[in-house]
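S.K.: What follows is each chain in one-letter form.
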Amino acid sequence: MKYKNILFIAAIIGIVISLFYIYSNTPRTVEKITKPDQCMSCHSDMSDIDHAHPKEIFGCASCHGGNKFATDKTNAHKGIVLNPARLEHASIFCIKCHKDIVKRVSKSMMQSQSGILNVLKYQWGESKDLNSTIGVDDIRGDSNTSLAQSHFRKLCAACHVNQDEKVFDNQNIARGGGCSDCHRVSKTNKNKHAVFTSKIPTQNCLKCHNRSNRIGLSYQGIFESEGYGTPYKYGEFSHKMSDGKRFYYELPDDIHHRDANMSCIDCHTEKGVMGDGEKHHHMEEAEDIKCKDCHQPQFKKANTLAETLADLNEKVPEPKVIAYTRKFNSPLYNVQNDKNKTSFYRKSDGKKFDLKKMSDKPYHTSDMHKRLDCSACHSSWAPSCYGCHEVYFENGKQFDWVEKKATKGQWQEFRSFLRFESPSLGIGYNKKIMPFAPGCQVIATIYKDKKVEKFHAMAMAGWDPHTTQKEVRTCVDCHFNPASLGLGRGNLDIKNDKILFSPFYDSNKSGMPFSYPIDAFVSKEGKQFQTTSRKEARSFNKDELTSIVSAYKCILCHDNYGDKIYKNFTKSKELFYSGKTKCLD
Amino acid sequence: MLRLVTIFLFLITFIEAQDCIQCHKKETIKCQNSNHYTLKNAINITRNAWGIKDSNVTLQSLPYSKFDIKKPADLVDDFLRRKCLKCHLGVKNSGEKGMKREKSCLACHSKHNNKGKCQPKKIPMKKCLTCHNKEFVGTDYMGLFPKDYHHSFRAPLKKDGSYPTQKYGIDYHNLNQDIHYKLGMSCVDCHNNKNGKNWEKSVTCKECHKGLSKNNHKEYHSNISCSACHSSWSMSSYELSVFRDDTGDYKKWKNLVLQEDGYLTKFLTKALKSKKKIKPVMPDWIDMKLKKGIWYSGWRYRRWEDLVLGTDEKGIIKILRPMFQYRVSYRDENGTMILDDVATSDGVPLEAWTLYSPHTITKKSKSCERCHEINNKKGGVYSLKKPERVVNGSILTKQQLKKLKSDYYKIERYKEF
Chain S
1 MKYKNILFIA AIIGIVISLF YIYSNTPRTV EKITKPDQCM SCHSDMSDID HAHPKEIFGC
61 ASCHGGNKFA TDKTNAHKGI VLNPARLEHA SIFCIKCHKD IVKRVSKSMM QSQSGILNVL
121 KYQWGESKDL NSTIGVDDIR GDSNTSLAQS HFRKLCAACH VNQDEKVFDN QNIARGGGCS
181 DCHRVSKTNK NKHAVFTSKI PTQNCLKCHN RSNRIGLSYQ GIFESEGYGT PYKYGEFSHK
241 MSDGKRFYYE LPDDIHHRDA NMSCIDCHTE KGVMGDGEKH HHMEEAEDIK CKDCHQPQFK
301 KANTLAETLA DLNEKVPEPK VIAYTRKFNS PLYNVQNDKN KTSFYRKSDG KKFDLKKMSD
361 KPYHTSDMHK RLDCSACHSS WAPSCYGCHE VYFENGKQFD WVEKKATKGQ WQEFRSFLRF
421 ESPSLGIGYN KKIMPFAPGC QVIATIYKDK KVEKFHAMAM AGWDPHTTQK EVRTCVDCHF
481 NPASLGLGRG NLDIKNDKIL FSPFYDSNKS GMPFSYPIDA FVSKEGKQFQ TTSRKEARSF
541 NKDELTSIVS AYKCILCHDN YGDKIYKNFT KSKELFYSGK TKCLD
Chain C
1 MLRLVTIFLF LITFIEAQDC IQCHKKETIK CQNSNHYTLK NAINITRNAW GIKDSNVTLQ
61 SLPYSKFDIK KPADLVDDFL RRKCLKCHLG VKNSGEKGMK REKSCLACHS KHNNKGKCQP
121 KKIPMKKCLT CHNKEFVGTD YMGLFPKDYH HSFRAPLKKD GSYPTQKYGI DYHNLNQDIH
181 YKLGMSCVDC HNNKNGKNWE KSVTCKECHK GLSKNNHKEY HSNISCSACH SSWSMSSYEL
241 SVFRDDTGDY KKWKNLVLQE DGYLTKFLTK ALKSKKKIKP VMPDWIDMKL KKGIWYSGWR
301 YRRWEDLVLG TDEKGIIKIL RPMFQYRVSY RDENGTMILD DVATSDGVPL EAWTLYSPHT
361 ITKKSKSCER CHEINNKKGG VYSLKKPERV VNGSILTKQQ LKKLKSDYYK IERYKEF
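From first to last, the protein sequence lines are chains S and C. Numbered per the working numbering, the first sequence spans residues 1 to 585. Numbered per the working numbering, the second sequence spans residues 1 to 417.
Treat the hints as calculated values from the structure; they're not laboratory data. Fair warning: this is a prediction, and the values are worked out from it, not measured in the lab. Certain hints may be false.
Chain S stretches covered by chain C per the calculated footprint, using a threshold of three residues with CB under 8 Å from any CB of chain C [unchecked claim]:
| # | stretch |
| --- | --- |
| 1 | 469-483 |
| 2 | 488-494 |
| 3 | 534-546 |
Label-pair distances were calculated between CB atoms; the ranges are [as the list claims (entries may be wrong)]:
| # | chain 1 | residue 1 | chain 2 | residue 2 | range |
| --- | --- | --- | --- | --- | --- |
| 4 | S | Asn508 | C | Ser222 | 22 to 32 Å |
| 5 | S | Lys495 | C | Gly315 | 41 to 51 Å |
| 6 | S | Lys405 | C | Lys273 | 23 to 33 Å |
| 7 | S | Ala551 | C | Lys273 | 38 to 48 Å |
| 8 | S | Lys571 | C | Leu183 | 22 to 32 Å |
| 9 | C | Ser222 | S | Lys233 | 44 to 54 Å |
Backbone N, C-alpha and C define an ideal beta-carbon position, used for all residues, glycine too.
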């Protein structure tokens with residue numbers, strides 16, 4: 001009996017084993033999915049990337065490559081790429097449909113970082129050419145060991161579109177990945193494919209735009225603080241940034257953020273962001289949008305691109321008559337004109353807002369302020385980091401973001417002090433008056449084997465700080481605040497049309513290698529102390545300073561634009577100087 | 001009798017004073033009533049700010065904090081003893097660089113030499129500055145403004161690549177110096193007891209600067225202190241978060257070891273390097289015993305260009321500074337948050353705005369606009385509260401603010417251009 005049982009069990013085991021053997025050696029029965037590629041026979045449960053790329057049409061291979069006819073893993077996976085959105089792959093895969101975009105992005109400034117690299121070289125005296133287009137891809141592998149280049153490699157180059165995400169220790173702050181740097185909103189997890197979108201969330205932009213001029217932070221009312229981490233909450237530092245190392249405090253956010261929670265892409269057009277196909281030297285050349293494109297719009301019929309973009313967006317209603325940017329003629333499909341009423345539709349969810357057009361009140365139309373950029377008055381604050389004390393240890397080691405390995409030489413950054421209130425003003429890249437902040441005030445110490453070398457390169461930079469408010473800076477905050485005028489913090493007065501100014505900061509005694517106050521862009525005599533990074537950009541000159549400060553004599557009494565003297569200021573002045581109207585009447 | 005007891009206590013506190021009193025009896029007795037000895041201003045301002053009403057104690061009668069902490073007022077004496085009162089006459093110095101001094105009489109005065117002859121009587125400024133520094137009047141006279149704590153502000157580095165040497169407990173920015181300093185005057189040139197005056201009471205400028213020109217000092221400015229116009233910059237230190245932590249959690253402070261507290265800097269540097277767990281202890285600077293817990297601190301931000309005005313009890317307009325706007329946290333050794341970022345007591349902020357005279361005097365006064373445009377200056381950017389609690393006066397009234405922009409002002413100002 002026992003013997004029989006054992007035989008029976010052995011027979012069953014034998015049958016199971018042989019069945020399993022047969023099963024595992026038989027090619028898996030091909031399921032009936034043959035469309036659009038054989039990949040689907042295994043990956044049919046993979047979710048869609050987005051509604052524009054349904055897997056039923058695209059399959060896997062059209063983006064990821066591989067052998068789409070193969071039915072076994074080894075053959076099918078031959079030559080596939082994990083992230084086809086990296087620019088070198090995108091120029092094989094994505095380009096099949098997105099022909100011009102891939103080419104444009106590859107030349108764009110967010111990829112090349114040429115603006116940063118060349119301004120740096122110029123400011124540090126290594127190049128006289130402000131208009132070079134040499135970028136991150138051009139210096140890879142070269143033997144140039146100049147200080148500016150080393151600084152760029154180790155501190156700046158982490159932030160370009162095609163950076164390798166894997167090289168970041170802290171994946172929370174990983175950047176790069178080509179198209180996915182901006183377009184990806186979630187990562188692939190098992191059978192959930194990474195989700196891509198054309199509705200780029202601000203968070204994606206913030207991965208990079210959180211240092212230097214800190215536009216992405218300022219827009220949300222976040223100011224990088226002195227690093228105290230106060231107030232302490234639950235026994236820990238509060239107001240930590242995502243990198244876990246820096247802290248912030250809250251200041252008024254941009255009105256576009258506060259009132260409408262607009263994302264970056266609500267203003268910034270696809271050409272403005274991904275480039276127009278040309279290699280540009282500076283941000284403003286690549287930038288598309290201007291305030292007046294929305295607030296003083298030019299309407300035209302919606303073109304095909306507008307329709308496509310709105311269709312991809314899914315939330316914004318079908319565009320009929322829309323605004324266009326003046327520079328690249330890009331359709332602003334979310335700024336629509338309907339029966340003489342202008343509406344703005346938020347791209348993230350299609351919510352409708354009334355768009356307020358720029359008024360034609362004297363403060364916008366009068367001649368005396370025609371040289372002002374909108375940001376000169378409407379920006380309430382700007383992150384201003386004074387004194388960038390750069391230290392370089394030649395014998396140290398630090399990660400090189402271009403070569404993606406640690407190499408010789410190590411940089412460390414120190415600073416003097418931070419401010420956000422009353423940004424300085426000057427003549428910007430567009431020859432208009434706009435806010436300026438240190439950009440950058442480099443005071444470098446180079447520690448070599450046996451000697452210490454020093455140099456300094458002090459510069460101020462003008463930009464729109466993205467802290468727009470409806471309420472503007474007061475007249476006196478520009479006309480009689482020495483910090484705003486670029487003189488620095490101190491005591492300002494005027495006597496017989498002569499500017500009197502005594503600064504607070506003593507740079508020499510504070511250990512700086514120059515005698516002008518560190519927060520002074522210009523002297524009261526109009527002598528510019530610090531350079532800029534554009535040919536057109538400069539501080540106010542003597543005449544401008546005198547005329548701005550002298551205007552305060554009128555502002556003292558006539559301190560708002562509602563005042564009748566501003567209705568026709570030229571005439572008012574004529575009457576005044578001919579003695580027909582008296583002051584203090 | 002009571003007097004004898006206090007003299008006795010005084011002698012116990014300052015053994016060295018025993019030698020001095022043999023000859024300088026009058027001065028020694030006078031000294032024990034002085035604010036330098038009792039520190040009652042600093043103590044009571046802080047206790048009031050933390051919610052103890054009508055506090056009136058001295059360094060000598062300062063109680064210990066309770067064991068059962070429920071509100072900031074229960075913890076203020078611990079805070080005073082271990083964080084603020086590092087600088088009384090009974091201690092030498094708190095281990096900060098550039099702060100070395102003797103205690104007792106010798107904290108300020110020099111010893112007789114062996115031959116029994118007096119050293120020069122004049123107290124050197126350096127001695128005063130071992131206590132009167134950082135946020136307080138003293139180092140501002142030399143144009144010094146404390147730098148922020150984070151290590152990234154400790155630049156420029158020295159030639160060997162190390163951090164700069166601190167003076168008076170922290171690194172400083174160098175700003176405009178007081179004109180009296182530039183002319184070589186030291187503290188005691190004004191603050192002395194010549195002609196029978198009380199050396200601790202504030203000196204008036206008029207004692208020296210008699211007969212001011214009427215052209216520049218108009219009738220309408222008669223209720224303004226000299227320093228309100230003639231100081232160049234002043235000290236505005238906004239929001240001081242203080243945190244007593246009884247757990248040994250040091251790692252997060254690695255970039256903030258410099259907290260204007262020499263003991264803490266040394267302690268943290270050691271604790272961060274040590275592989276062993278080091279107990280969090282900090283001295284009580286009055287009984288000089290090491291006690292449980294570390295007091296940490298951090299600012300919101302500090303400014304030298306800000307200007308807030310107030311009126312003192314006599315109606316004189318002076319410069320107001322926040323000192324300080326406290327936010328208090330306390331975590332016990334079990335990690336329980338007993339106080340978590342408490343900023344008010346019975347609805348009143350834990351703050352003490354103080355009218356003061358910045359020692360940053362310049363010959364040329366401020367331009368009119370620095371005061372008269374005071375309300376418009378900030379452009380709505382500041383999110384911090386306006387002063388509510390002023391220790392020695394009040395904020396400007398609505399009427400006063402209106403006056404700043406009156407037609408009369410405008411007419412007078414226009415004449416000046």
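S.K.: Flag every earlier hint the structure violates by its number, smallest first.
M.R.: The structure conflicts with hints 3, 4, 5, 7, 8, although it agrees with all the remaining ones.
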